[in-house]
Amino acid sequence: MKPYLPFESRLVPLPINNIDTDQIIPARFLKTTSKEGLDQNLFCDWRQDPNFILNTPRGKNAQILLAGDNFGCGSSREHAPWALTQFGFRAVVSTSFADIFKQNALKNSLVPIVVSHEIHTKLFALPEDATVMVDLASQTLTLPDGQKVEFAVDSFSKTCLLDGIDELGWILKQEPAIAAYEKTRTSTLNTLA
Amino acid sequence: MSGNLKTLSQKVWDSHVVREEPGAPSLLYIDLHLVHEVTSPQAFQGLRERGLKVRRPDLTVATTDHSIPTTDRSLPILDPIAAKQVAQLDTNCKEFGIPHYGVHSTHQGIVHVIGPELGFTQPGMTVVCGDSHTATHGAFGALAFGIGTSEVENVLATQCLLQRPSKTFQVKVQGSLRPGVSAKDIILALCAQIGIGGATGTVLEYTGAAMRALDMEGRMTVCNMSIEAGARAGMVAPDDKTFHYLHGREFAPKGKDWDDAVARWKKLPTDEGARFDREVFIDGDNLEPMITWGTNPGMGVSISGAVPDPSTIADPLERDAVAKALVYMGLEAGKPVLGHAVNVVFIGSCTNSRISDLRIAAQLLKGRKVNPSVRVMVVPGSMEVKRQAIAEGLPEIFRAAGCDWREPGCSMCIAMNGDQLQPGEYSVSTSNRNFEGRQGKGGRTFLASPLTAAATAITGVVTDVRTLL
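Chains as they are written, first to last, in the working numbering: chain A, 1 to 193; chain B, 1 to 469.
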């Protein structure tokens with residue numbers, strides 16, 4: 001994983017609550033066995049509308065998606081953050097995120113940024129060409145007027161993102177603890193029996 | 001927290017923590033990893049790229065359910081992309097030594113149907129699967145939750161996950177359900193009451209007389225849709241019904257192991273006096289059959305209720321959400337869903353495809369005919385459910401009524417396999433999601449119980465089953 005560096009970008013506003021993973025990437029595109037090419041079908045059904053924001057100049061070359069409450073609800077498909085990052089997004093800003101989506105996003109260098117309703121409303125009101133700065137190290141979003149908005153990220157995920165650490169590599173190093181735990185656990189299950 | 005008093009979910013969590021290190025999430029051991037064809041190929045590829053093995057194939061089991069047709073199993077899969085995905089799971093399971101109940105297995109079925117049915121799912125376990133409906137297994141007092149593909153890879157390689165504990169949330173369902181009201185109505189009522197994000201960051205525990213009165217399959221239906229209220233998991237404390245269900249199942253403990261296991265499982269229920277972070281109550285006595293009107297499972301009302309009017313909603317994004325849903329669904333504000341014509345009735349999915357679901361639908365359909373304007377699909381959850389249904393003569397009842405009786409799989413719940421609505425079509429579906437396009441691009445879904453679905457099949461319009469009982 002590449003280290004997650006600070007960046008400045010325009011916002012792509014999607015003022016819709018509860019955007020579910022079936023909208024982000026419809027299930028019919030999950031028959032693939034690879035991670036590639038999912039960006040082509042990001043918000044596929046909404047993109048049928050030529051006026052949908054991703055079909056307009058405003059939807060291109062921006063790295064921050066600004067969405068309504070409870071973004072990413074629904075299924076556990078990691079295809080959702082894969083599609084978003086392949087399209088070019090590096091952060092999603094909302095007032096809340098669904099649990100599984102949030103975990104999947106953090107593992108793919110897509111930072112879920114939770115802001116207050118007040119800031120959320122302010123961001124939606126920004127002019128089209130306004131840019132904001134995302135700095136994960138200081139956990140701040142800098143608005144065009146210079147206002148710095150802090151956001152929460154769990155410290156482990158933050159370290160992994162900033163240093164490009166891979167989570168599986170970290171767990172693999174816990175092998176002695178895992179082996180010790182296995183000696184103590186009581187289990188009668190054997191799926192191979 | 002009151003001293004050392006613990007809830008069910010805290011007990012399961014505490015007994016699975018491998019390691020806790022400052023600044024890092026807990027390392028949690030996983031007792032059962034369920035795998036299917038859609039969310040696993042990239043994880044197996046990751047193992048190959050790193051030269052890793054599956055650490056505990058004996059705690060892992062796979063089945064094929066999402067992408068396969070529900071037509072004659074002796075025919076090849078016509079969709080080449082689906083065929084490749086299905087074949088890939090076979091290859092991956094062979095290469096990594098994982099048991100796989102594939103397309104031609106006599107145990108094939110929807111992953112959340114076969115786990116309990118074969119006795120893999122047991123009380124007190126941690127259970128994961130790359131599927132958000134993994135919460136189903138919580139009906140047994142297991143801590144069961146959905147994970148993404150990176151986490152599937154983590155569990156395959158290490159049998160562990162990095163997790164932070166969730167808040168505890170009690171859903172107390174009091175009283176007793178009246179005729180025509182079932183488990184599905186409890187969970188649709190909860191989603192309507194707290195909303196699709198209402199339980200985000202929590203593990204639900206369902207308690208109360210109405211939950212105790214449900215059989216294991218009803219409890220699975222409730223737990224299954226915990227994610228539709230945003231919960232990480234949903235659980236029910238194990239009791240004699242749980243033990244009775246599991247006893248003698250193929251992979252359940254036997255002999256002395258069984259007795260020891262039951263003694264352990266009896267210690268799992270939430271301690272008297274343990275505190276939950278949140279609580280909500282559902283009045284089972286006054287619950288009515290539920291139906292959704294919108295484009296998420298929280299957009300539901302009782303069958304006699306009306307669709308909301310967006311003009312009465314103050315919050316602009318909420319108002320827009322309701323208005324957008326009504327446009328998509330082609331419904332009028334303030335009018336009931338009752339009496340709305342439908343094109344398709346779907347009885348199936350990991351929510352409602354078990355034998356008891358099929359029995360109650362068949363009971364209503366016996367000696368009746370489905371309305372000729374409706375296409376009715378009945379999709380059993382597994383080969384085992386199918387065998388039991390055949391033994392009880394259910395397929396004959398469904399066929400005589402004019403239903404299409406199919407082979408096991410996820411089918412029109414997720415519409416990946418060709419079973420789908422056409423644009424604009426309406427369904428009453430016993431599945432779990434009514435998101436835009438979920439059952440096929442442009443399709444419009446009313447979620448309801450198997451009883452409401454069967455009643456609607458007979459009349460051709462959304463029907464209150466109590467008028468047919």
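Be aware that one or more of the hints could be misleading.
[Unchecked claim] Here's a subset of chain A near chain B, in silico, CB distances under 7 Å, partners left out:
1) 20
2) 27
3) 33
4) 35
5) 36
6) 39
7) 41
8) 55
9) 56
10) 73
11) 95
12) 115
13) 118
14) 153
15) 177
[What the hints assert, rightly or not] Calculated cross-link-like contacts (lysine-lysine; reagent style DSSO-like; alpha-carbon spacing at most 27 Å):
16) 53(B) / 2(A)
17) 183(A) / 256(B)
18) 324(B) / 167(B)
If you're looking for bench data, these hints aren't it; they were derived computationally from the structure.
From a predicted model like this one, the values you see are computed outputs, not experimental measurements.
We treat Cβ as the ideally placed atom computed from N, Cα and C, and that holds for glycine.
Comparing the hints with the structure gives:
Residue-level restraint check for residue 20(A) holds (minimum Cβ-Cβ distance to chain B is 5 Å; threshold 7 Å). For residue 27(A), the interface hint holds, since its Cβ comes within 7 Å of a Cβ in chain B; the closest pair sits about 5 Å apart. Of the supplied interface hints, the one on residue 33(A) holds, with its beta-carbon coming within about 4 Å of a beta-carbon of chain B, less than 7 Å. For the restraint placing residue 35(A) at the interface with chain B, the shortest Cβ-Cβ distance is roughly 5 Å, inside the 7 Å limit, so the hint holds.
The interface hint given for residue 36(A) is violated, since its Cβ lies 10 Å from the closest Cβ of chain B, which is over the 7 Å cut-off. Annotation: interface hint on residue 39(A) violated; nearest CB of chain B at approximately 15 Å, more than 7 Å. Because the smallest distance between the Cβ of residue 41(A) and any Cβ of chain B comes to about 12 Å, over 7 Å, the interface hint for this residue is violated. With 7 Å as the threshold, the beta carbon of residue 55(A) stays out of range of chain B, its nearest partner Cβ sitting at about 17 Å, so the hint is violated.
This hint is violated: residue 56(A) has a C-beta 19 Å from the nearest C-beta of chain B, more than the 7 Å allowed. For the restraint placing residue 73(A) at the interface with chain B, the shortest Cβ-Cβ distance is roughly 6 Å, inside the 7 Å limit, so the hint holds. Annotation: residue 95(A) was flagged as interfacial toward chain B, and the flag is violated, the nearest CB pair being 9 Å apart, outside 7 Å. With a cut of 7 Å, the hint placing residue 115(A) at the interface with chain B is violated, because the nearest CB-to-CB distance is about 14 Å.
Taking 7 Å as the C-beta contact cut-off toward chain B, the hint placing residue 118(A) at the interface is violated, the least distance being around 14 Å. With 7 Å as the threshold, the beta carbon of residue 153(A) stays out of range of chain B, its nearest partner Cβ sitting at about 13 Å, so the hint is violated. A cut of 7 Å between beta carbons decides the hint on residue 177(A): the least distance to chain B is about 4 Å, and the hint holds. The suggested pairing of residue 53(B) with residue 2(A) holds, with an alpha-carbon distance near 25 Å, which does not exceed 27 Å.
The straight-line distance between the Cα atoms of residue 183(A) and residue 256(B) is roughly 20 Å, inside the 27 Å bound, and the hint therefore holds. For the suggested pair residue 324(B) and residue 167(B), the alpha carbons sit about 32 Å apart, so the restraint of at most 27 Å is broken.
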